[in-house]
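**Student:** Top to bottom, those sequences are chains A and B.
The first sequence runs 1 to 373 under UniProt numbering.
The second sequence runs 1 to 512 under UniProt numbering.
Hint data in this document are derived by calculation from the structure and do not stem from the laboratory.
Just so we're clear, the structure is a prediction, and the values are computed from it rather than from any experiment.
Among the clues, some could well be false.
What the simulated footprint calls covered on chain A by chain B, stretch by stretch (three residues with Cβ under 8 Å from a Cβ of chain B suffice, anywhere in the stretch; the number is not a length) [to be verified]: (1) 99-106; (2) 215-228; (3) 246-258; (4) 329-337; (5) 344-350; (6) 355-363.
Ideal Cβ placement from N, Cα and C applies to all residues, glycine included.
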Amino acid sequence: MLGRTLREVSAALKQGQITPTELCQKCLSLIKKTKFLNAYITVSEEVALKQAEESEKRYKKGRSLGDLDGIPIAVKDNFSTSGIETTCASNMLKGYVPPYNATVVQKLLDQGALLMGKTNLDEFAMGSGSTDGIFGPVKNPWSFSEQYRKKRKQKSHGEKEDSDWLITGGSSGGSAAAVSAFTCFTALGSDTGGSTRNPAAHCGVVGLKPSYGLVSRHGLIPLVNSMDVPGILTRCVDDAAIVLGILAGHDPKDSTTVQDPVKPFVLPSLTDVSKLCVGIPKEYLAPELSSEVRSLWSKAANLFESEGAKVIEVSLPHTSFSIVCYHVLCTSEVASNMARFDGLEYGHRCDVGVSTEAMYAATRREGFNDVLL
Amino acid sequence: MAAPVLRWLCPGRCWAFARIGGCSCHGRGVPTASTSSGKRGQSSVARQSLITAQEPRKGDREWAAVVGLEIHAQISSNSKLFSGSQVHFAAPPNSLVSFFDASLPGTLPVLNRRCVEAAVMTGLALDCRINKKSLFDRKHYFYADLPAGYQITQQRLPIAVDGSLAYSVCVGKKLGQAVTRTVRVRQIQLEQDSGKSLHDDLRSQTLVDLNRAGVGLLEVVLEPDMSCGEEAAAAVRELQLILQALGTSRAIMAEGQLRVDANISVHHPGEPLGVRTEVKNLNSARFLARAIDYEIQRQISELENGGEILNETRSFDYKLGCTVPMRDKEGKQDYRFMPEPNLPPLLLYDSASLPAGADPQQVINIDRIREQLPELPSVTREKLVRRYGMLPEHSFALLNEVGLLEFFQNVMKETRAEPKKVASWVLNTFLGFLKQQNLAVSESPVTPSALAELLNLVERKAISSSAAKQVMDLKKGNPRAINKLIGLVRKATLGRADPTAIKEVLERQLSG
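Chain A with its partners taken away, still in its complex shape:
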C-alpha cells in the first residue's frame, strides 16, 4: 500500500480499502523503522493522528476534500509550520516554533493531508548533499538496497557497514529520502539552484521545480529570494502534477507570485509523441559530464526519437555565465537574509550580555555553521 501512487491510495481511501488512520500508522511505523536514514528532524505523530481522525470522519460522511485527503506528506524543515518546531537544521533556529503556516503548507493541510513530520536538510538549505545540517547527514535509502550492498561487499571487506552509505544529494535530501523510502506519498522541498531536483535524482524519485512566481514563497524561510521556489517530490510524474495543481496560484502575501489565475490542468496521457518537439541544449554537453550520465541522456533522447518525436539541438548561449551569476546573487542575498538572525526576537541567543554588538557576534557565531559563516 505504501508503495502506491497518490492517485491509487486516494482511490483506496475513497473505496474504504484502508482508513486514513491505518495509513497514518503504517507510515509512522515505517518512519521509526527507517530512523537510521535520518530523513526526519521532527516526527509530528500526534498531529498526524489527529488529522487522520478528522479525515476519517470526512470519508465516513462521503465528504472527502479531494485527492490529498488523508494522504501522509512530509515537509522540509525550512517551511514555517504553526506550532511545530522549524529549525532549518541550524542551531540558530533550534527550538523556534513558528506562529503561522507557510502558504503551501496551509494549502496541503486545507486539502486534508496528514503531516508526518519535518524533514532534514543542509543548514538553511545551503548545500547540495544534505550533509551540513546540525542533525547530521541524511542517508540515501538506496544505500541499503540489495543491489548496492552486494556491490559494496565485493569491493571492501571488514569495513564497518555503518559508515558505508550514499548521500541523498541536497539540500532537500530528507524530503527525497522520505518519499523514496515510502514513508510518505509526497514531500515539499525547496529549490534554489537544484535543491529539489538534485536529491530527486540521487534518490530515484520525481523532483519538480515549478517556475518562479507560480507557487507562493510565503513561509518558506528564504535562501535567495529571487530564485527560491517550493519544490515537489513524488514517486511519479502524475502525482507531482496533482500536488502542483493544489499549490500553484497567486498569493496576496507573496508579491512575486503571478497575478493571472492558474487554470486547472490534467496531464494528458502521452501515448503519441509524434507531435512533440524536444530540444537538447548543446551547451549542456560539457566536457565535465560523466560518461554514465551522458549515455543515459542519449538513451532518453533516442527513446523519444524512435517513438516519432522531433529531437533537435537548441542553444542556451548564456549557460556558461549562469554559475557565476548564481554565486554573486546567492552570496549577496544569503548574507542579506541571514542579517535578521541576531538572537533578539526569536531563535538562539547567546549568554553574552556585554553589548548589543558582542551579543550579535556571539549569537551568530554559535548559531551558524561554517558554510554560512
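Following the hints, position chain B against chain A.
**Tutor:** Relative to the frame of chain A, chain B by itself:
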C-alpha cells in the same frame, strides 16, 4: 572662547551682523555643487554674488554656510508600509507588531496602496516628476530596533524627483519684509521606519519597542540651497503645512511624525564647498534653527582656529544647546545596498498609459490623484490676500495655527467688519488671549459668532474697540466685575452706550 560673532551671509532678520549690515540675500545665487555624501572638499565652486555694506577688515574673511535637509515624515495611514499592523501613537509597547514587522523568517512585504498614494500626492504638491517606475532596495545595518537587519527603502530609483519647495523668510528688521525662497527637492522616497530603542543605563540594557517598526515614511531630500537655521526652519515649516493640508502626514514633530537631519558645511564665498557634517534627529521645531546655527558657528570657529571639520554625524544636545558627535556612527558606513527581491518594480500610470480593463483597485492613476489634490497652503494664502486685501504676513500667520483660518472665516461670515480689522483682531487680541491661556483654537471659550458679534458692536460704534478688548481680557475674570465693566464701557463710550445692551453683550461674552 569669546562669544563668536556670526559672520556669515544669512538673510535672517534675527541675527546681528558684525560687519555685513542688512540683508545680503538679494541676488544670491543657488550653489551649484550639491554636498553629496561623504566627500571631503567639493571640487565645484559655489556661485554667490555678495553685497557687503562695509569694507572687510584685513585678515577677516566672510563665511557662507550651506544647509541641506533630509526630512522624514510618517505617512498618515491605517496600516504600515509593508504589513497589516496598525499605526497608532503611544500604544502599549510591542502591541502593534505583525510577524513581518518582527522579521519572523519566511514573512514577506506587501506594499500598502495608501502609502504610495501619499507619496504621489506629496510629489505632485512639490512639483516633482513622478517616476512611473520606481524600485525598492535593502539598506543593511545591524541595530536592535531594525529586526530584519535591513531597512527597505528606495535608493536607486525613488518615486518622485526634481521638485521645489517655496518658503518665506523675513529679511531685515522690520516685520513684513518677507521674501520667498525656493529650495530644490532632490527626491521623495518611500521607506520603512525603525522601531524605538530606550536605553536603560541603570540596568545596562536597551528596551526595544517595535510598534514603530515598518511604519511608512516619506523621505524628502532638500538640496543644500539653504544657508542658515532660519531658512531651514522656514522650509520645514512650509513642508509641514503642505503635508498637513494634503493629509499625507500629520507631521507633528513632538510625536515623532516629522524628523529632520541636516547636512551642514561652511566655506569662503568663491571657494569650493567645505566638508559637511550631518546633524541627526532634529525633532523639535524650536531647536531646529538653533541647532543648525550652532553647528555653523562651531564649524566656523573650528576652522578659524586652524582646526578641521570631520565628515561625521552629530546630534543636538537640547540641554547643553550644542551638537555632539554620535558615538555609534563614527566612520563611513557601508550599507550594502541591494535590490529588494520580494517586491517587483512599482508601476504607476497616468490616464494615457492606463491599461484597458485594469482593475482600479490594483492600479494608481497619477492624473486622478492630481485632479483630487487638496488646496495647498500657498494657494490658500494667495486667495486670502486677493479676496480680503490681507497683508501677506497675516495670511501666513492665519495658516500657522491649527483651526485659526477656519475661525477667521467663520467670523467673516457673521460680520460686516472690514477683513483687515477682523484679521488684526483674530491675530492679535484673540490669538494673544489663547496663548495666554495656553489654549488651542479648538478649546477656545470664545466662539466665532461671539467675536463676530463683538466686532459688529464695535462697527456700529456701540462700544469702542478698547472696551471690546477689555471684554476679552476679562473673560477669565470675576463675573461680579461685570458691573465695574459696565461702568468702564459707559465711560469709554462717553455715556452713549445703553447699559442694558452693554450688560447683555458682556454677559453673553463672559458666559459664552
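**Student:** Evaluate each hint against the coordinates.
**Tutor:** Evaluated hints:
no., hint, verdict
1, 99-106, "holds (count 3)"
2, 215-228, "holds (count 9)"
3, 246-258, "holds (count 5)"
4, 329-337, "holds (count 4)"
5, 344-350, "holds (count 3)"
6, 355-363, "holds (count 3)"
The structure is consistent with each of the numbered hints, conforming to all of them.
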